[in-house]
Amino acid sequence: MRPSSVVIGLLAALVLVVLALLASILHPAETDMQKLADNRAIVEKYGLTDLALFTEARYTRHPSQADLHSAFQDHPGALEHFPTGSLLAPRPSSINSHESLAGKTTSPD
Amino acid sequence: MIELSNIKKAFNQGQPNEYWALHGIDLALEAGKVTAFRGPSGSGKTTLLTIVGCLSRPTSGRVRFKGEDISGLPERFLTDIRRQSFGFVFQQFNLIKGLSALENVILPAFPTGRPRHELVTAAEGIFDQLKLGHRSTAKVEWLSGGEQQRVAIARALINDPEVIIADEPTANLDTALSKEFMSILEGFTATGKTVLLTSHDPLVVDSTAVHRVVGMRDGRLTED
Amino acid sequence: MNPWLEKQRHLIDFTLASLGRRKTKNIGLLLAYTLLVFVLASLTLFTHALRSEASFVLAGSPEVILQRMVAGRHDLIPPNYIEKIGRIRGVQKKEGRLWGYYYDTVLNANYTFMARSADEVADGYIMVGNALARERGLAAHNTISFRSYSGKLFTFEVSAVLSPDSELLSADLVLLSENDFRRFFEYPAGHFTDIALSVANPQEVRNIAAKLSSALPDSRPILREEVLRTYQSVFDWREGIVLTVLAGAILAFAILAWEKASGLSAEEKREIGILKAIGWETGDVIRMKTWEGLLISLSAFLLGFIAAYVHVFHFDAAVFEPVLKGWSVLYPRFTLVPTVDGLQIATLFFFTVFPYTAAVLVPIWRAAITDPDAVMRA
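Residue numbers (this note's numbering), protein chains in the order written: chain W, 1 to 109; chain S, 1 to 224; chain L, 1 to 378.
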């Protein structure tokens, strides 16, 4: 078999796979549409405003509800939302000191 | 068939290392004959063959091929003429390593777009003539010197050219192989092909297969 | 077959044969290239799918949320504040909401507590998000205790775990009754966290927000469109972080590809000379090399894209999880609904296929315009 036949055949197969994937996007599965509709219903029912993607601090859990200064007000384990923030681990002692305070303060957090 | 008039060729023209390889050559070459250019190295015989074979253009002068002036043609047309009408056998064979003998032979026909099966059949026919059929799938670097030259000859023949140009064809061959090459040459003239070769090997220039010997020295023709 | 097509196939045959001569090197290059396309395409597919899912789902969130600000901080809504808003035309419903955060020392994780009406969650019961339930090993009818910020221990029974399909929204949610919420956080009576307003006509939203701001100067209305916009920019940041990390890899690959493609060996130069001497035009040599560049970059693009699609939509973007998870403990497990931004994919295609092919061609151009008689002179 000619090498060009093999390679053109393989490339054509890959192109078909990509086209099939793109076609499947144009006709989404019934279950996917149902899932999206259900989730939207949950958002409406509970009045949710944010995705639960980043739960470490209140301004990452609810970024749309955070005020301008909140990055520096959360518990010591929190990171600011600048790129370096998610590349550096928090100081271990900062979390521990918070742990010892948890539940022992008289004022609400 | 090929007429050269007042061909001059300079390298590095206009620079301090300017060098004139040819100083005005006038020559007419007949069709269907074997012509050998004899001369010491640096005499300009290879340069002359590159001009005849449309590999390069003369600095001045005219080249007529079958009555047509080809010295002023643009590269594309020159390449077309070279591909259709000239077959080259180089001194170093210049085969492409890593490809089989067969692949090497059909390379010159790629730009013509002839179907592959046709090319393979043609190449196998030539291999049979040259007694190389059993080596057609071998990689060229595994072939002996004589076999490599026969592959190079087969490559020169694939486009069925009218003119075969061979530069020092026996320089890398022993006596027996050189004689074999000369007998292949006789086969070419029998089929009506024109052969131009350069050599300073007495075995070649004194051979009965050669119809005409052109002497060269310092970029000029000497008496035959 | 048409001679033009046949010629292109000859050129492809030749370029494949020459690639085959340096098999390990070229396969390595193809793999590195595919990996790069895979990471970039995964990133593109993931962020686009997440954004479109966020904008579809969050389009159901309240039209306006009214917060009260004190000294730049979000503060509680005092009693009678809702009444002070009075009647604004176009507002269908005003509702005080109660929600807040709880730091669980067992997991070192933050939960979102949200009060619901008594007919949804009875006193003493909670509904929890699926990620929380998974991490704490909870199922319906289990009981769980939380120590409140005031030090008291509260025990709840789990009445239901929220649907795993909604994890992206509800991973850390704890829904409890209003009474429990106020007792647990010692939330002052009559106070609320914020106010949600429903507006019937979307064109009215901005007017209503302006009226709210002038009626209550210490308030901050957050519109739904701001919520949606937040998500577009949040993922830009995230994408930026990943890109920062990737920049080094991309640069390294660019250097590798450039070195590979542009470093023309003496062997290759000689071959080009031979091809020209035996009757190839400069154009044929360039076409042959163009095929080489196209075949490698196209294969890498297609393989990388397919792998990325499978990674993002069938393996839940497992490679990005550590990046997106950040330092949070609760991370939702979610499968995104496949969607593709045609323009992004076209851009990716252009930037993977074009530069490589160009890098292959530049040095060839220089080599291919040399005179074909060079082989005879050598």
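Hint data in this document are derived by calculation from the structure and do not stem from the laboratory.
Do not take every clue at face value.
Covered stretches of chain S, as calculated for chain L (at least 3 residues, CB under 8 Å) [unchecked claim]:
hint, region
1, 48 to 59
2, 73 to 85
3, 211 to 217
Label-pair distances were calculated between CB atoms; the ranges are [said to hold, decoys possible]:
hint, chain 1, residue 1, chain 2, residue 2, range
4, W, D67, L, A189, 50 to 60 Å
5, L, R229, W, G9, 23 to 33 Å
6, L, N2, S, G133, 27 to 37 Å
7, L, R21, W, V17, 27 to 37 Å
8, L, R21, S, R217, 34 to 44 Å
Keep in mind the model is a prediction, meaning the values are calculated, not measured.
Ideal placement from N, C-alpha and C gives every residue a C-beta, glycine not left out.
The hints, checked one at a time:
1. 48 to 59: Check passed, 4 qualifying residues.
2. 73 to 85: holds (count 5)
3. 211 to 217: violated (count 0)
4. W/D67 / L/A189: 50 to 60 Å: violated (25 Å)
5. L/R229 / W/G9: 23 to 33 Å: Roughly 47 Å apart at Cβ, these two residues miss the hinted range, so it is violated.
6. L/N2 / S/G133: 27 to 37 Å: Given a distance of about 31 Å, which is inside 27 to 37 Å, the answer is holds.
7. L/R21 / W/V17: 27 to 37 Å: Holds, since L/R21 and W/V17 (Cβ atoms, about 29 Å apart) stay within the stated range.
8. L/R21 / S/R217: 34 to 44 Å: Because 43 Å falls inside the window, the suggested range holds.
Going through the hint list in order, the structure does not satisfy hints 3, 4 and 5.
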